[in-house]
Amino acid sequence: VAERSLAIWSNEYIVQLVEENLEEILPILLPPLCRISKTHWNTNIVTLTYNLLRNLMEINKQLCDKVLNTLRDDEKK
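The sequence shown stops at residue 90 when you use my numbering, and every number in between is there.
Warning: the hint list may mix true and false statements.
Okay, derived cross-link-like pairs now, DSSO-like style, lysine-lysine, Cα gap no bigger than 27 Å in a straight line [claimed, not checked]:
1) K79 - K51
2) K89 - K51
3) K51 - K74
4) K79 - K89
5) K90 - K79
Simulated from the structure, these hints should not be mistaken for laboratory data.
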């Protein structure tokens with residue numbers, strides 16, 4: 014299931030929709046993607062997750078950094 018969920022990101026239409034709504038979607042997507050990248054047992058899933066994170070950073074690095082900083086601050090609380 015995880016692999017198929019990550020495979021949807023190869024669909025250009027999905028990527029376009031996400032790009033258009035990144036400010037709303039990124040705060041929802043990043044926390045579980047970060048968790049998966051650190052804890053998932055399947056190396057293929059981790060690789061796909063890292064690729065997706067890299068692609069999201071390429072789309073809007075500033076927004077990704079902002080959301081990641083907020084996530085780190087929330088984890089410290």
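Do the hints match the structure? See the list:
1. Of the supplied pair hints, the one linking K79 and K51 holds, its CA atoms being roughly 20 Å apart against a limit of 27 Å.
2. For the suggested pair K89 and K51, the alpha carbons sit about 17 Å apart, so the restraint of at most 27 Å is met.
3. With a C-alpha separation of about 20 Å, the suggested pairing of K51 with K74 holds against the 27 Å cut-off.
4. The suggested pairing of K79 with K89 holds, with an alpha-carbon distance near 16 Å, which does not exceed 27 Å.
5. For the proposed pair K90 and K79, the alpha carbon gap of about 17 Å is at most 27 Å, so the pair holds.
Violated hints: none; the structure is consistent with every hint.
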